[in-house]
Amino acid sequence: MKYIYTLIAILWSILSFGQDFNNYTPLKCTGDLPEDFTKLTFLKVKEGKSKTSVKEGLKTKRTKDEFILQANYATDQLLLSGKVLFNDPVTDYINAVAGEVLNSEPALKEELRFYALKSNVTNAFATDQGIIFVTLGLIAQLENEAQLAYILSHEIIHYKNKHAISAHLENERIVSKNGRYKRSHDETIKKMSRYSKDLEFQADSLGFYLYEKSNYSLREVNSAFDVMQYAYLPFDEVPYDFNFLETEYLKIPDELVLDTLRPIEANDNYDDSRSTHPNIKKRRVQLSKLLRGKNLDQGKNFLFPEEKFITIRDICRFESIHLDLIDRNYSNALYSIFLLQQKYPKSSYLALNTAKALYGISKYKTFGKYDDIATHYSNYEGNVQRPHYFFDHITDEQINLITLRHIWGLKKKHTNSYLDEIFINIIDDLSAKYHLNVKTIEDIIATAKTAKEKPPKVIANVQTNTLVNEPASLSKYDKIRIELNERENDLHITEEEKEEMVFHFLGMEDMMQDEDFTALFSNVVDAVKKREEEKSIAKEAHDKLSSYQQKRLATMEANRRKRKGVALGIDNLVVVDPFYFAVDNRRGIKLINSEREQVEFIDQVKKCGETAKLNIEVVSSKKVKNNNGDAFNDFVVMNDWLNERLNHDNLEILPTENEYLKSVMQKYDTDYFCYMGVLTFKQQEENIGAKLILCVFLYPIAPIILADAVTPEHDTLLFTIIFNAKSGKVVFEETTELKTPANDGYLNSIIYDLMLQIKKAPK
Amino acid sequence: MKCFIQTLFAVTLLLAINNVNAQVAGYMGKKLSVGYHLSALNPGPIFGDRVPFTYFKKHELSLFYTIGKKHSMGFTYSHRNSQIYLSSFQLGNEMQRFEPYTNLQNVQANFYEFNIKFFKSNFIAPIGSFIQFGFGPVQYKLADGQILGQKITITPPGTSEINPNYVYKHSTTYNAFKISFGLYNSKIITGNVYLNTGVQANLLAGGDIDGPSNTNSIYNEAHKYMGFILGSGIKKEHYFDFKLGIGLMLL
Chain A
1 MKYIYTLIAI
11 LWSILSFGQD
21 FNNYTPLKCT
31 GDLPEDFTKL
41 TFLKVKEGKS
51 KTSVKEGLKT
61 KRTKDEFILQ
71 ANYATDQLLL
81 SGKVLFNDPV
91 TDYINAVAGE
101 VLNSEPALKE
111 ELRFYALKSN
121 VTNAFATDQG
131 IIFVTLGLIA
141 QLENEAQLAY
151 ILSHEIIHYK
161 NKHAISAHLE
171 NERIVSKNGR
181 YKRSHDETIK
191 KMSRYSKDLE
201 FQADSLGFYL
211 YEKSNYSLRE
221 VNSAFDVMQY
231 AYLPFDEVPY
241 DFNFLETEYL
251 KIPDELVLDT
261 LRPIEANDNY
271 DDSRSTHPNI
281 KKRRVQLSKL
291 LRGKNLDQGK
301 NFLFPEEKFI
311 TIRDICRFES
321 IHLDLIDRNY
331 SNALYSIFLL
341 QQKYPKSSYL
351 ALNTAKALYG
361 ISKYKTFGKY
371 DDIATHYSNY
381 EGNVQRPHYF
391 FDHITDEQIN
401 LITLRHIWGL
411 KKKHTNSYLD
421 EIFINIIDDL
431 SAKYHLNVKT
441 IEDIIATAKT
451 AKEKPPKVIA
461 NVQTNTLVNE
471 PASLSKYDKI
481 RIELNEREND
491 LHITEEEKEE
501 MVFHFLGMED
511 MMQDEDFTAL
521 FSNVVDAVKK
531 REEEKSIAKE
541 AHDKLSSYQQ
551 KRLATMEANR
561 RKRKGVALGI
571 DNLVVVDPFY
581 FAVDNRRGIK
591 LINSEREQVE
601 FIDQVKKCGE
611 TAKLNIEVVS
621 SKKVKNNNGD
631 AFNDFVVMND
641 WLNERLNHDN
651 LEILPTENEY
661 LKSVMQKYDT
671 DYFCYMGVLT
681 FKQQEENIGA
691 KLILCVFLYP
701 IAPIILADAV
711 TPEHDTLLFT
721 IIFNAKSGKV
731 VFEETTELKT
741 PANDGYLNSI
751 IYDLMLQIKK
761 APK
Chain B
764 MKCFIQTLFA
774 VTLLLAINNV
784 NAQVAGYMGK
794 KLSVGYHLSA
804 LNPGPIFGDR
814 VPFTYFKKHE
824 LSLFYTIGKK
834 HSMGFTYSHR
844 NSQIYLSSFQ
854 LGNEMQRFEP
864 YTNLQNVQAN
874 FYEFNIKFFK
884 SNFIAPIGSF
894 IQFGFGPVQY
904 KLADGQILGQ
914 KITITPPGTS
924 EINPNYVYKH
934 STTYNAFKIS
944 FGLYNSKIIT
954 GNVYLNTGVQ
964 ANLLAGGDID
974 GPSNTNSIYN
984 EAHKYMGFIL
994 GSGIKKEHYF
1004 DFKLGIGLML
1014 L
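Protein chains in written order, with my numbering: chain A, 1 to 763; chain B, 764 to 1014.
Careful, some of the hints might be misleading.
Mimicking BS3-like on lysine-lysine, the simulated pairs with C-alpha atoms at most 30 angstroms apart in a straight line are [claimed, not checked]:
#1 A:K613 with B:K794
#2 A:K564 with B:K794
#3 A:K562 with B:K793
#4 A:K760 with B:K932
#5 A:K622 with B:K883
#6 A:K691 with B:K794
#7 B:K883 with A:K623
#8 A:K739 with B:K987
#9 A:K613 with B:K883
#10 A:K606 with B:K794
#11 A:K682 with B:K987
#12 A:K564 with B:K821
#13 B:K904 with A:K739
#14 B:K793 with A:K760
#15 A:K763 with B:K793
#16 A:K607 with B:K793
#17 A:K551 with B:K883
#18 B:K883 with A:K607
#19 B:K987 with A:K759
#20 A:K613 with B:K987
#21 B:K794 with A:K763
#22 A:K682 with B:K1006
#23 B:K950 with A:K564
#24 B:K793 with A:K606
#25 B:K883 with A:K606
#26 B:K950 with A:K607
#27 B:K950 with A:K606
#28 B:K883 with A:K562
#29 B:K794 with A:K562
#30 B:K883 with A:K691
#31 A:K564 with B:K883
#32 A:K412 with A:K251
#33 A:K535 with A:K622
#34 B:K794 with A:K607
#35 B:K950 with A:K691
Simulated from the structure, these hints should not be mistaken for laboratory data.
Treat the numbers as computed from the prediction; the structure is a model and nothing was measured.
Turn these sequences into a full structure, and let the hints steer you where they fit.
Set out below in structure tokens:
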């Protein structure tokens, strides 16, 4: 085993040092899939249950079995979500560090598996099956290898001492109010929290003893708690500036730059009475007792070369941008980009992601949905407050022009089709929503440069405060609102001031002299004009109809679609991870059945597609063979794209993941991705009493009524959604509901019909 | 009745026209299906007043074609063996009586039906729950064309002469028209084989009454009775079918 770890370390060393941050590409899994990914859940559950015994008591065995079922199901859901990495530099590094920590525990070293988890949350956790997940967000925050080693030691103890199942058994005891636990709901929560905190203290102290046996520095145990305490902040604190946006012509006004930042507070003595973890202060107190009398200078911060750690940490930091873009945390992504650009100023990955983040903000501002993705800047501490303030206060028109300007600059340096697409998309918005064209922009620039008076107002997007200013009639809430409003006005510029700004137009002066740009802009404006005219003609014709005729037309169209379906004319289709979820409301969630049915459902979808002569490919984590890491990576890319696309809801935004999806689209030779699944519910028949009474009155058909009363109700839903990956648009969406169990024949019938509709060419 | 049949044909025609351009899925591309049903229990003629709770067996062969997402059309041929209650009856005049050995006589009926299926909620033809309408002619006759019994001739002094092995022959085929309405469910059991279950209400109408040409004729007296029992009675034989069948998707 020692040789394997050495080999992994060498391989990982080659891979990690081979990382070119200037042309960074997101992490991918490599090689064969580990058994944790390929083994079916029901086999894992079977194995887990075989270890429980009735000797522990029937009730305990039942609770444990239930826990094993739930824990395995949840862990497998995570493993196959595409968020867990394997055979990648970060996972290899975690394994190497864990190997050092576990040198004194060879048996545990064999049992445990460590994986990196693609998440920006600073966290690590152990499962009852012996899997320890470490988030990329945690590694991005670390100062050194020793801190990771201590955190791993803590998690290893959770596994070694079976804390997960102990907590579950204890919680069950508390909830069922057995024995001495007979308390209020609040008391129950507190009691659960107290037990969980005891386990955390135990993991801290026993983890410390395990850590102590390794060669890592004791001093770094305390600093590991710093990582936890300041985890809510970005991975570095550097004053933010807007140089990356500014040019000779574009200057960001001081009014949009926050002067005074909220100081970093990071209270470590917060109320933890309802938390699963003790607060940091209490944990430090316990730790200081453990450290008393120890030689803090013993051990090292790095057992592997420090450069390796730095590289791995930088990979995680680069990944955090990718994850922020998927989660639509655009301001955070821009701050991370800013931090990494200090070290990697020539990175094309960072430059392109700047454009993606700006594009995301522009679109949400344009749709008036910015509040959906942003938390008010006042909730942040430290330097990250500045980008949040800027994007909170910039108007939609301003951010659109700034983004356009920035992408134009990037387009000159980088050839990227995604950049071209979002560039056109922004011009489209500027033309359609703000009615800007080359002439209007030139006029505004000329006016702003020559006239002393204020430039003309281009758009009206003022949201006036309509609060009543008569103190006598004010309610408590009005007064609070006024005060909050005044406080806001004290802090930043008014809406009027924002409108008077023309810096974003002035920033385009050089672009307006570029014939390529003006020609492209004019072409898009003409296309938008034509489209809007067509829309307006159609709307006019529709408006001429009476409301009855409009309703009739809509009904006829709905009926036509129901009767004849649609014709999409798609020849090649990729179905991504078809899901199957069975719920029996009488007996809780039928997890195992769902898995078996899911495997059958995947085959069904493929068969129906093939019968309909559709070139169909079903990519599913459940069907990836253990030697096909490439297929798994394709699945991960598709899933990331879907997650981002679903986050955008109905907004027409080109997902930033399009860039990575392109290679998958080429591989499968399609622009269309289909997501489908089955949800099936079973529940007790309602109104049984009424039905029994009905039997008395309608005795000739009493057997039928009785049969209906005792038969459970079924409801099956089949979801289908097809995206055009190029445009991000939904081309087909349907939910079919059947009041029956999910019979294979019914599903075949419906899926085949769907496939025909997908295949059929429109007339 | 004529009007009703015309309406049904009109509806059928409309459905066909309506589905001309529709995409017909069938079951995994198969639109033609053949089926067999067995109805083995009859709760009796609900509206009839003659024979309560007679037992019958009905074999049914059907051929259906899916014409749209929600519609199928087809023909059904059914052969029913049932029993009818006969009491003793006169053979021509009051002096001659025929007493069958058994009161329950086997009757055969052939049903020829044209059917339309309308699939419910989100089911797609030909699989799932559906409502079926049907109409068509029915032919009815005594199974063996004869009844075994004894002929009793009452002689004037008050005695009677009994002919114990008398065969009363009656091979007339009676006609009627049937309209049906049923609730069904077709469920795939394996591959292209499906299980069909359903309940169907059958209304029979227009049975012919084979009236006697000469009321004094022995033949006509008996025939009048049979005409009343079979020919006229069929009009009142509205019944429910509880069906269980199996089918195969062909093309």
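To see whether the hints hold, each was checked on the structure:
1. Distance hint between A:K613 and B:K794 is fulfilled; the C-alpha atoms sit about 16 angstroms from each other, no more than 30 angstroms.
2. Taking the CA atoms of A:K564 and B:K794, the gap is about 16 angstroms. The hint holds against a cut of 30 angstroms.
3. For the proposed pair A:K562 and B:K793, the alpha carbon gap of about 20 angstroms is at most 30 angstroms, so the pair holds.
4. Simply put, A:K760 and B:K932 have alpha-carbon atoms about 63 angstroms apart, too far for the 30 angstroms limit, and the pair is violated.
5. Restraint check for A:K622 and B:K883: the C-alpha separation of about 34 angstroms exceeds 30 angstroms, so the hint is violated.
6. A hinted pair counts as satisfied when its Cα atoms are at most 30 angstroms apart, and A:K691 with B:K794 does not qualify at roughly 39 angstroms.
7. Taking the CA atoms of B:K883 and A:K623, the gap is near 35 angstroms; set against the 30 angstroms cutoff, the hint is violated.
8. Restraint check: the Cα-Cα separation between A:K739 and B:K987 comes to about 53 angstroms, which exceeds 30 angstroms; the hinted pair is violated.
9. With a C-alpha separation of about 27 angstroms, the suggested pairing of A:K613 with B:K883 holds against the 30 angstroms cut-off.
10. Taken as a hint, the A:K606 and B:K794 pair is honoured in the structure, with Cα atoms around 21 angstroms apart against an allowance of 30 angstroms.
11. About 59 angstroms separates the Cα atoms of A:K682 and B:K987, which puts this hinted pair outside 30 angstroms; it is violated.
12. Between A:K564 and B:K821 the CA atoms are separated by roughly 37 angstroms; this puts the pair beyond 30 angstroms, and the hint is violated.
13. For the proposed pair B:K904 and A:K739, the alpha carbon gap of about 44 angstroms is over 30 angstroms, so the pair is violated.
14. Restraint check for B:K793 and A:K760: the C-alpha separation of about 17 angstroms stays at or below 30 angstroms, so the hint holds.
15. Restraint check for A:K763 and B:K793: the C-alpha separation of about 24 angstroms stays at or below 30 angstroms, so the hint holds.
16. Restraint check for A:K607 and B:K793: satisfied, since their Cα atoms lie roughly 14 angstroms apart, inside the 30 angstroms limit.
17. Proposed proximity of A:K551 and B:K883 is supported: the alpha carbons are some 24 angstroms apart, at most 30 angstroms.
18. Under the criterion of a C-alpha separation no larger than 30 angstroms, the hint pairing B:K883 with A:K607 is consistent with the structure, at around 25 angstroms.
19. Proposed proximity of B:K987 and A:K759 is contradicted: the alpha carbons are some 65 angstroms apart, above 30 angstroms.
20. A distance of roughly 64 angstroms separates the Cα atoms of A:K613 and B:K987; the hinted pair therefore is violated under the 30 angstroms criterion.
21. Taken as a hint, the B:K794 and A:K763 pair is honoured in the structure, with Cα atoms around 23 angstroms apart against an allowance of 30 angstroms.
22. Distance check on the hinted pair: A:K682 and B:K1006 sit about 27 angstroms apart at the alpha-carbon level, within 30 angstroms; holds.
23. As the CA atoms of B:K950 and A:K564 are separated by approximately 23 angstroms, the hinted pair is consistent with the 30 angstroms bound.
24. With a CA separation close to 18 angstroms, the supplied pair B:K793 and A:K606 stays within the 30 angstroms bound.
25. In summary, the hint linking B:K883 to A:K606 is supported, as the alpha carbons are separated by about 26 angstroms, within the 30 angstroms threshold.
26. For the hint linking B:K950 to A:K607, the alpha-carbon distance of about 19 angstroms falls within 30 angstroms, and the restraint holds.
27. For the hint linking B:K950 to A:K606, the alpha-carbon distance of about 21 angstroms falls within 30 angstroms, and the restraint holds.
28. Straight-line distance between C-alpha atoms of B:K883 and A:K562 comes to about 12 angstroms, which keeps the hinted pair within the 30 angstroms bound.
29. Restraint check for B:K794 and A:K562: satisfied, since their Cα atoms lie roughly 19 angstroms apart, inside the 30 angstroms limit.
30. Pair hint B:K883 plus A:K691 holds up; C-alpha atoms about 24 angstroms apart against a cutoff of 30 angstroms.
31. In summary, the hint linking A:K564 to B:K883 is supported, as the alpha carbons are separated by about 16 angstroms, within the 30 angstroms threshold.
32. Under the criterion of a C-alpha separation no larger than 30 angstroms, the hint pairing A:K412 with A:K251 is consistent with the structure, at around 20 angstroms.
33. Restraint check for A:K535 and A:K622: the C-alpha separation of about 45 angstroms exceeds 30 angstroms, so the hint is violated.
34. Of the supplied pair hints, the one linking B:K794 and A:K607 holds, its CA atoms being roughly 18 angstroms apart against a limit of 30 angstroms.
35. Distance restraint check for B:K950 and A:K691: the Cα-Cα separation of roughly 27 angstroms lies within the 30 angstroms cut-off, and the hinted pair is therefore satisfied.
In this structure, the earlier hints numbered 4, 5, 6, 7, 8, 11, 12, 13, 19, 20 and 33 are contradicted, and the remaining ones agree with it.
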